[in-house]
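Engineer: If you read the protein sequences in the order shown, they are chains A and P. Counted from 1, the first sequence has number 297 at position 297 by this note's numbering; the numbering is strictly sequential. Counted from 1, the second sequence has number 415 at position 53 by this note's numbering; the numbering is strictly sequential.
Careful: at least some of the hints might be erroneous.
[What the hints assert, rightly or not] Footprint (simulated), chain A over chain P, 3 or more residues, beta carbon under 8 angstroms:
#, segment
1, 486-493
2, 655-669
3, 685-697
Think of the hints as simulated: they come from the structure by calculation, not from any bench. Idealized CB from N, CA, C, for every residue including glycine.
Protein chains: 2
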Amino acid sequence: MTDAPMTAPGPSTATTGEILSRHLTAQAGAFLRALPQAVGEVGSRPGAVLLTSAGTSDLLRAVRRIGGVLHTFAASFEPGWAQESRTELRWLLNLLAQEPGYLRRSARLLGALDSLSAAEPDGPGMLAGHAGAPKARALLDRQLTLARTRAHSTVLQELRSARLHALADRMTLLVGEVPLRAAGGSPAADALLPQATAALTALGAGAQLLPLHRAATPYGGDGLRRLGTVPAARGVLDADAALAADDAPWHRVRILVKRARYAMEVCARPILALDELDRTLGRHQEAADAAVTAATAARTPRITPATAYVLGVVHADQRLEVESARYAFGLQWPDLVPSLAGSGTPPSHQAGGEVPPASRMA
Amino acid sequence: MTDAPMTAPGPSTATTGEILSRHLTAQAGAFLRALPQAVGEVGSRPGAVLLTSAGTSDLLRAVRRIGGVLHTFAASFEPGWAQESRTELRWLLNLLAQEPGYLRRSARLLGALDSLSAAEPDGPGMLAGHAGAPKARALLDRQLTLARTRAHSTVLQELRSARLHALADRMTLLVGEVPLRAAGGSPAADALLPQATAALTALGAGAQLLPLHRAATPYGGDGLRRLGTVPAARGVLDADAALAADDAPWHRVRILVKRARYAMEVCARPILALDELDRTLGRHQEAADAAVTAATAARTPRITPATAYVLGVVHADQRLEVESARYAFGLQWPDLVPSLAGSGTPPSHQAGGEVPPASRMA
Chain A
1 MTDAPMTAPG PSTATTGEIL SRHLTAQAGA FLRALPQAVG EVGSRPGAVL
51 LTSAGTSDLL RAVRRIGGVL HTFAASFEPG WAQESRTELR WLLNLLAQEP
101 GYLRRSARLL GALDSLSAAE PDGPGMLAGH AGAPKARALL DRQLTLARTR
151 AHSTVLQELR SARLHALADR MTLLVGEVPL RAAGGSPAAD ALLPQATAAL
201 TALGAGAQLL PLHRAATPYG GDGLRRLGTV PAARGVLDAD AALAADDAPW
251 HRVRILVKRA RYAMEVCARP ILALDELDRT LGRHQEAADA AVTAATAART
301 PRITPATAYV LGVVHADQRL EVESARYAFG LQWPDLVPSL AGSGTPPSHQ
351 AGGEVPPASR MA
Chain P
363 MTDAPMTAPG PSTATTGEIL SRHLTAQAGA FLRALPQAVG EVGSRPGAVL
413 LTSAGTSDLL RAVRRIGGVL HTFAASFEPG WAQESRTELR WLLNLLAQEP
463 GYLRRSARLL GALDSLSAAE PDGPGMLAGH AGAPKARALL DRQLTLARTR
513 AHSTVLQELR SARLHALADR MTLLVGEVPL RAAGGSPAAD ALLPQATAAL
563 TALGAGAQLL PLHRAATPYG GDGLRRLGTV PAARGVLDAD AALAADDAPW
613 HRVRILVKRA RYAMEVCARP ILALDELDRT LGRHQEAADA AVTAATAART
663 PRITPATAYV LGVVHADQRL EVESARYAFG LQWPDLVPSL AGSGTPPSHQ
713 AGGEVPPASR MA
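Pulled out of the complex, with its shape left as it was, chain A reads as follows (with noise of 0.2 angstroms):
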């Protein structure tokens, strides 16, 4: 698990170039090894199986990897083949995560619901014996389960084409050579750290847009009153759409989380403080999710009225996961802000102390 560069043999003497390759061609081989497994698995065991299969997953950490490198250290690549692959990599990721994501959803869902409806006198929810939750868990059991098939037979019908054995044979090439721009000799440190940095940096930009004053206390109602400004442009504004205007700069720093979080794997500096926001804006994303299906499943035609009311209350559920959510961000972040101040300060949540006091690239 534990990536290339933590164990490499004196990383203070690479140049950027050696610790690039070195690491792209580590994940580029995982790619490599995981892709047939999680062929096979995709092809053999119909869905249910995919969300715990080594492969998929393994694979989609390498993508992940992979592509956030690219992003992050653009300059030291060639830029027509990192754009491409790139590109080429967000299509695969997007196209392995839905049936997995369509999983989850509905663990998520079905889960809070059988909490919410639970009738044992030891724990009841607030929907005990309801007559609609029943029907409205068969009508999101249903839904979902149509979604993830549809994108099951997707994933099935594009691991034969064309596309992916061009994507393949990319990351084939990549353990062989990786195609760096002429300045990839200088040392390590000249541009390495830097644009390391640039990363925590744009995600401190990032997270400077969330109103963590409205999370920073609890039951502050976010979730379900008072969301965020929406852009006025938008005219007549219904709830989907507000919602989405509200969770979009948390989706946006989820990202920017995850790519300096691969930034400083390269550089052999990880920060757990960001492990733990990727976490949580996982869940703030998978709530923000389950909460759109919640409403959308309550638009269903012919549906009964205590099925609509049981999504309702669904519906706000997850929208009360998405507040909490937030609101552990608020209590996460000021452990990384220390991080953010600038190239020269070592970030102040190391793990991995096995790297020697030579390798500190600052």
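Given the coordinates of chain A, assemble chain P onto it according to the supplied hints.
Structural biologist: For chain P alone, coordinates are given in the frame of chain A:
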């Protein structure tokens, strides 16, 4: 607004009977001054004025205090008289509190709905522009107005009743002489403070039955999922029964807080933390009642799914308020705990610095 004992000369030399008499005489006087005013308000202006009307709120204030004192210091009064008086005061309290209660519930629920469905770009809610919102609002408004009108008619009718006149006569007699037991001449320290402390101890015991560990973490989900244990003998469990069982110990603690608060006022040792807890548990109770109203409205025959969906969101929103109040209680409660340590310990959060040290009855 200050209660009589606070400014009374030399309470250190006063006997139990003198202190109780002075307090009850002052409250009975307040009752008699407020009664005709309240009767005039209820008779002349229907409904909407009652909530803010000074007469009714002064009357309720006196009724609560007299009833609380008669309960806590029961040992000092003629038992038959005290019991009868409490019964009659409770009857008047239930009678008068209903209409303002419906008004507050209406303001709470319609305010929440307006906030949830606000479509302004600078603060939309999660139901912004939802088709069901105006219908749900009209439904709640109609049902609460009906309930309030009924309560108003009942008050109008009872204000002319022999029962109210008898209670007024009882209060007039109380201004003249408080029916004390023979022991009323003993020094105050011998009887008053132990009884007031017993009220604090009862509060402590009641609070120990609360699941404060569940309320300690924000977003623990108590309000929506994982309600408390419900007595198993209840048979088939529905959500109404589960929620009522979950709320009951909190409502009970609210009564204990009020009793302790009024008892400490008699001893001229008001505890500010009790006032805060009273307010917090008041919010808890009102949100719990409002949630029931939303759930009940959702069972109205022939409503549309969109209306039911909105009522589900409103129900969840109010249960979230319940959870928020419990969290606030968990933060406030430790402030009070030193006061519960025993009769010999002075309460930690005293107001009224003008009480001379000699008057401390411990």
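Engineer: All hints are to be evaluated individually against the structure, with a verdict given for each.
Structural biologist: Verification of the hints:
1. 486-493: holds (count 7)
2. 655-669: holds (count 6)
3. 685-697: It holds: at least three residues are needed, and the segment 685-697 of chain P offers 3 whose Cβ sits within less than 8 angstroms of chain A.
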